[in-house]
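Participant: Chains as they are written, first to last, in numbering that gives the first Met the number 0: chain A, 0 to 330; chain B, 0 to 317; chain C, 0 to 558; chain D, 0 to 309.
Calculated from the structure, these hints are not laboratory results. The model shown is predicted, which means the values in this text are computed figures rather than measured ones. Where a beta carbon is used, it is the ideal one built from N, C-alpha and C, also for glycine. There's no promise every hint is true.
[To be verified] As a list, the in silico DSS-like pairs of lysine-lysine whose alpha-carbon atoms are at most 30 Å apart: (1) C:Lys302 with C:Lys325; (2) A:Lys204 with B:Lys225; (3) C:Lys406 with D:Lys34; (4) B:Lys56 with C:Lys451; (5) D:Lys34 with C:Lys408.
[Claimed, not checked] Facing chain D, a subset of chain C residues (Cβ under 8 Å, in silico): (6) Val111; (7) Asp348; (8) Ala419; (9) Thr422; (10) Gln429; (11) Val437; (12) Glu438; (13) Asp441; (14) Glu450; (15) Ser476.
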Amino acid sequence: MTTMTNTLAEIKGLSTYFHTEEGIVKAVDDVSFSIPAGRTVAVVGESGCGKSVTALSVMRLVAEPGRIEKGEIRFGDQDLLRLREGEMRGLRGNDIAMVFQEPMSSLNPVLTIGEQLIEPLMEHRLLSKKEARAESAGLITRVGIPRAEEMLKAYPHELSGGMLQRIMIAIALSCQPKLLIADEPTTALDVTVQAQILDLLNGIKAESNTAILLITHDLGVVAEMADHVVVMYAGKVIEEAPVIELFQNPRHPYTKGLLRSKPVIGRREERLYSIPGQVPQLIGLGEACAFADRCESCLPVCRERRPVITQGENGHLVACWLYEEGVSRDE
Amino acid sequence: MAIYVLRRVLNMIPILIGVSVIIFFVFAMTPGDFVDSNQKLTPERQAELRALYGLDKPVLERYFIWMGNVLQGDFGYSMQHQIPVTSLLNQYLWNSFMIAVATLFLTWTIALFIGVFSAVRQHSWFDALVTLGVFATMSFPSFFLGLLLIKFFAVDLHWLPVGGMISTGSQTTGWAYVWEVAKHMILPVIVLTVLGVGSLTRYFRTNMLDVIRQDFVRTARAKGLKEKVVVYKHALRNALLPAITLLAFELPGLFAGAIITEKIFNWPGVGQIHMQALEIRDYPVLMGLTMLLSMLTIVGNLLADIMYGVADPRVRIK
Amino acid sequence: MYKGWKTTASLLVASTLLLSACSTETEETATPVDLKNSSSEVTLASDMSKNPEAAKKRNDTFIAGMSSPQGVFNPYFYHNGWDGNVTSVLFGSLVDVDKSGKYIPSLAEKWVLSDNQLTYTFTLKKGLKFSDGSPLTADDVAFTLTMLHDKTYDGETDVSQVQIKGGQDYKEGKATSISGIEVIDPLNIKITTEKVNALSLQILGGPVLSKAYYGKNYSPGNLDHLRTLHGAPVGAGPYKLEKYIPGQEVRTKANEHYFAGKPAIENFIYKVTTSDTNLQLFQTGETDYDGFTANPDNFEQLKSLGFANINVMTSSAYSYLDVNHKRHLKDKNVRQALMYGIDRKQIVDATFRGYGEVANEPISPISWAFTPDINPYDFNQQKAKELLDAAGWKAGADGIREKDGQKLKLTLLTRKGNDALITIAKQNLQDIGIVLEVEVMDFNAMLDKMEKGDYDLSSVSTPGMVDPAESAQNFLSTIADNGYNNPAIDQLILQGQSTLDIDKRKPIYQKLFKELNEDVPSIFLWYRKSMTAHNGRIQGLEPNAYTGIIGDLPKLKIQ
Amino acid sequence: MSANAGTVSEKNPGVRAKSAKPASPWAHAFRRLRKNRLAVTGLVFLILMGLFCTVGPLFSPYVDERVTGANFNRPPSAQNWLGTDNLGRDILTRLMLAGRISLTVGIASMLLSVLIGSVLGAVAGYYRGIVDQVIMRFADVLMTIPSLPLLIIMGAVLSDLKVPSDYRIYIVMLMLSILGWPGLARLVRSQILTLSQREFMQATEVLGLRDRRKIFVHLLPNTLPLLIVVATLSVAGAILSESVLSYLGLGVTPPTPSWGNMMDSANSLIDFQKRPWLWMPPGVAIFATVIAINLLGEGLRDALDPKMKK
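Working from the sequences, and respecting the hints, build out all of it.
Facilitator: Structural data, given as structure tokens:
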């Protein structure tokens, strides 16, 4: 984080729990990282690791039975968690916008694309309906869809997934947000379409200096998009580093595993590596390191206490006993 | 679209004929007839009367006679009222219709608001109370509800009339008349609304709960829209879609009358005529009314399908 | 299923309607009502200051409640007793009934019966007019009777019972007029019949239709014009129709041409009420008179109002179990066993709580033909068992009686609302070894099953009856379709009908009813009471089982 | 670069197969249901109600009581805990006996009509075209046939066939369910029409699932919320309508009690105000049963609903 001077948003000690019948699920547990203006921060991890909930927490859209328990989300000079609902609403879709995973279900099936596109324009930029329509045609063109006028009159079910995701991006861009949160924006799409969408996002970042918080499980996407990477596991940040540093020099055994399971062109292996075991239940996690059971280099201390995230060189942070000084490595 | 509607309308003809056959035979098979209901008659006079009414003919022949007359626009004479079925229904149908429309409007509005509100606040006290209330109205005899309202508002407070449609012997006209009828409508409409609003509320709540969990509602929130817009524009529109089917069921209901409420409040509606006609086996009235309701059912279903196509772009009829 | 639920719900509604329409509720705190020899018991208003404003303000209008008029205001065409009530206000009859059920002259000055009791000569009062001001003459009477013989006449008056001479020929189109009807002059008409029948006077002396009004365009076989006039009646009753509002009210105005003078109360309105709320309507002063289900609850309630004059009277009808004489019950011993074996007193008390009494003969105690000198069939199961044994029904291994390998199982048809009867009779009969299978059904379906003879017992009531002959003729072997056939009884019935002199008829009927009590052609159950109340400001009203309020209507006053 | 590669999530089958126990969806649903306190309350209540009605009368001294008409309309007391009715019978005992019939009738007829209605509605909505036309037009016709005369005829037929009066109610409820499906079928159909456009159905298309699986595993469970509402409402409807049927000779005949006819026998304002013990017990029994079924139903929905699994 040394190189980052201009911080747009900073998440500090964020904890979001789900209060279920079975018990409290600590989906996001004491997570901290920051997003510099105009940069792309990727949050990676297996599904269920809390990365989507982190994104929703930033939007303050965590649904029942989830609740943001504590922490701070600084955006500019305000703490988002302390804003009144009305003020927060004024930021959503305006300064902070979000693109979701499932474009097919994320648009209202009974409203036309046009109606859904003009809403934030009228709400935040106080445009008249007519102005908003004109503006939204421009947006559609901007996200690379031809025949904008026709598009405005179309219903979501008439469009393909890739088109819909472009529309979602257009909606997100409509008020020139400072921060764009993209929650698995390409997961549900065809491979070829994925690349186009990523290109589009990259272009936007370049054009309008929008910061992007990219949520993904796909290391390929990370490599292509991110400036900075946050790795989450079981609701916690376990490693954080600039993208090149992370890919070249992963430190946490989990990150290493992730990178090993990624096929590399040109190298043949009998079968793809996969991390043994599965993501632990988030209820009643003990004091141990959550990854201990799956870890190939597990230490006795790992089963007793949880490591704290610590700053290393090259802006590299990691939460692992292996890198703590004075820890006995003997079995 | 036009072709679809035309095809469906043409489809209705064989259905109506089929329905008329079934209904006619159902009534013909019902034990007992109009003449039976007068115990004072001697068997000879009964036979004479059956011949006069044509009740002694074979069912098939009776059906064709009836059908022939219907095709000429003649629905026959009410045996007990001694006037054409159409004028009889005309006397009572609109009274029921008035109440039904008012009730329909109130029921849907109230159910919509309560249903949506309790869905938005699922698991709140309000929601729990509404749920209890809904089931309480279902288990509480409507008969008592009517009597209670009468006791309270009419007998004790003298605010509203006990029953009827106008004050006895009243000579009012114009707006005074409208006001008088409106006053008499209040209590029956309340009873019917309470009866109907429960299940409908439940229905809207469920639909709303289903919709509110969907992704596009989250999108709408993420756009920073006001909660009102999110709920009433984005969620509600979708939650209302399945309700269209329900609305179509209401069409025949508008003309069917509500027997118990009409009775308690002495409302001159068609429900009581229907019941009397059935008790006394006044076939022309039964056939006329049932055919009318059948037709409305079929039209209602057709309307539902068309409206559904219009309202939901995904199943729009091409 | 949403719809399904709704339909079942409205079904529910329907039943409640019907239930309360024919309910026989039972209540506690039986008020001491003297059951014996009390045709009418009056409780007068105690505190007229409680009279509601609505009633006090109405100084020229009398509002009576009734169930459901249907707009057929022609005394010969209506199908519904309530329309009958309306027509008796609008139409005058030659002969009326007084409060003891005897015939008295009304439009007729007098009638003379020939010695052979076949020819009736009616003399009309002078100067009679219909409500439209046109004169009422013997021609109108002749027209009325002729019309009843028309072959397309489909009303419920069965004029063939009278057997007017030449009537059948007219009906069959063999004659253009009826020879037995002879207009002597405008005031006198002679009618010749071919059979002596005590019931004839009721039909011959009935309401008079105006020939000028109803007979316009009349030709034999064509009553079409007449049928269009049901909503616009012209008669010679105390009131004339002002307006009929379907399902709501029938407004009438005093008839200035009424023979006994224009009634003092200008407006008389029949308002539609139901048994569910007629008490509330009466309480708020919206009605002046209504009939209520007779039970202690309603009585107490009415009494507490203070402004109500309450009338409790025994009805002219009776209830019974119709017996199918073609099966097990053709044996008199078994029928008598049922009379002894069922605790009818308990059933009546449980059902009416003081507002009904056990019946032992087929005539109301208020009739002049009633005889107290009969077997009361007090509950006695020992006697019932002996009678069954005598009839050859012996108890089988399971306690159920059998004969010739057949078990003694009886099917009882009934409408809903007879819980006490069903429950108590079933357990009583079980005690004496009889199985009672109960079937609850809709009234018309029940009549249909009776017609087919597929039953043993069927719970029914008679309509209100004026003349004992009306009740008696149901036991005539040519009329009874339940298979009852007793030549001795037939003879007594015909004898009772064949004279019109009450003094002569009385011993005949008393003998007949004693015989019927012995022979048990049906299981007699009860006489029930009816209860009416009227606002104390209405003066001169004494409702009666035979005439209701109509007898007093022309001379009522409002205080 | 290939975005499909390098994923960490469930798309890698190796991860799953090693650890997850192959629990069947039903077992899973049952586990979830057990954890839902409200649903368990509902279920326990229904079981208790069932026991109350079946076993309860064994402990009542009034089951074989003779009816004399004495001691009628008595308020609750030490002898008659819930008072006596208009013929002097113990209301608690009658309430228990009545429950046997009302519960059977209510729940059985609900299950049957929901079964028929949802299957036919789903088939019509899924296949559309000719199948849809045939089913829905047939439903149109059925919906227009008036039920009252039909019931009267049915009563006559059953009476002619000498079916014992107390069994008729079951046959009639069966018939009513068979006739009552069109309304539900239409509702289910319209939901299916919408659902089959949703993305997850397009997925099943891609997976090449068999129709039967698509309808019963993917489509119908999504109409469950609706079915539960309809089902709970129809239980109440069926229990109440039983008393109507007895008017037509199709319900139970007196003296056999049912909750519906117990409520029915209190029928005036005076009964309502002065003798609440006549109508409250059956009213509360119906109310509580309906609530219990609803709680159980909602629990079932949450347990089975694929959308709730997170």
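Participant: Are the hints correct? Go through all of them and say.
Facilitator: Against the structure, the hints come out as follows:
1. For a cut-off of 30 Å, the pair hint linking lysine 302 of chain C to lysine 325 of chain C is broken: about 49 Å separates their Cα positions.
2. Restraint check for lysine 204 of chain A and lysine 225 of chain B: the C-alpha separation of about 28 Å stays at or below 30 Å, so the hint holds.
3. With a CA separation close to 58 Å, the supplied pair lysine 406 of chain C and lysine 34 of chain D exceeds the 30 Å bound.
4. Taking the CA atoms of lysine 56 of chain B and lysine 451 of chain C, the gap is near 19 Å; set against the 30 Å cutoff, the hint holds.
5. Among the hinted pairs, lysine 34 of chain D with lysine 408 of chain C is inconsistent with the structure: their alpha-carbon atoms are about 56 Å apart, more than 30 Å.
6. Given hint, valine 111 of chain C at the interface with chain D, is violated; its Cβ is 52 Å from that chain's nearest Cβ, farther than 8 Å.
7. For aspartate 348 of chain C, the interface hint holds, the least distance from its beta-carbon to any beta-carbon of chain D being 6 Å, beneath 8 Å.
8. The interface hint given for alanine 419 of chain C holds, since its Cβ lies 6 Å from the closest Cβ of chain D, which is under the 8 Å cut-off.
9. The closest approach between the C-beta of threonine 422 of chain C and any C-beta of chain D is roughly 4 Å, which is under the 8 Å cut-off, so the hint is satisfied.
10. Of the supplied interface hints, the one on glutamine 429 of chain C is violated, with its beta-carbon coming no nearer than about 10 Å to a beta-carbon of chain D, more than 8 Å.
11. Because the smallest distance between the Cβ of valine 437 of chain C and any Cβ of chain D comes to about 5 Å, under 8 Å, the interface hint for this residue holds.
12. Because the beta carbon of glutamate 438 of chain C sits about 6 Å from the nearest beta carbon in chain D, less than 8 Å, this interface hint is met.
13. Contact between aspartate 441 of chain C and chain D, as hinted, is supported at the beta carbon level, the nearest pair being about 5 Å apart and thus within 8 Å.
14. With a cut of 8 Å, the hint placing glutamate 450 of chain C at the interface with chain D is violated, because the nearest CB-to-CB distance is about 12 Å.
15. Look at serine 476 of chain C: its Cβ only gets to about 28 Å from chain D, farther than 8 Å, so that hint breaks.
Checked against the numbered hints listed earlier, the structure breaks hints 1, 3, 5, 6, 10, 14 and 15; every other hint is satisfied.
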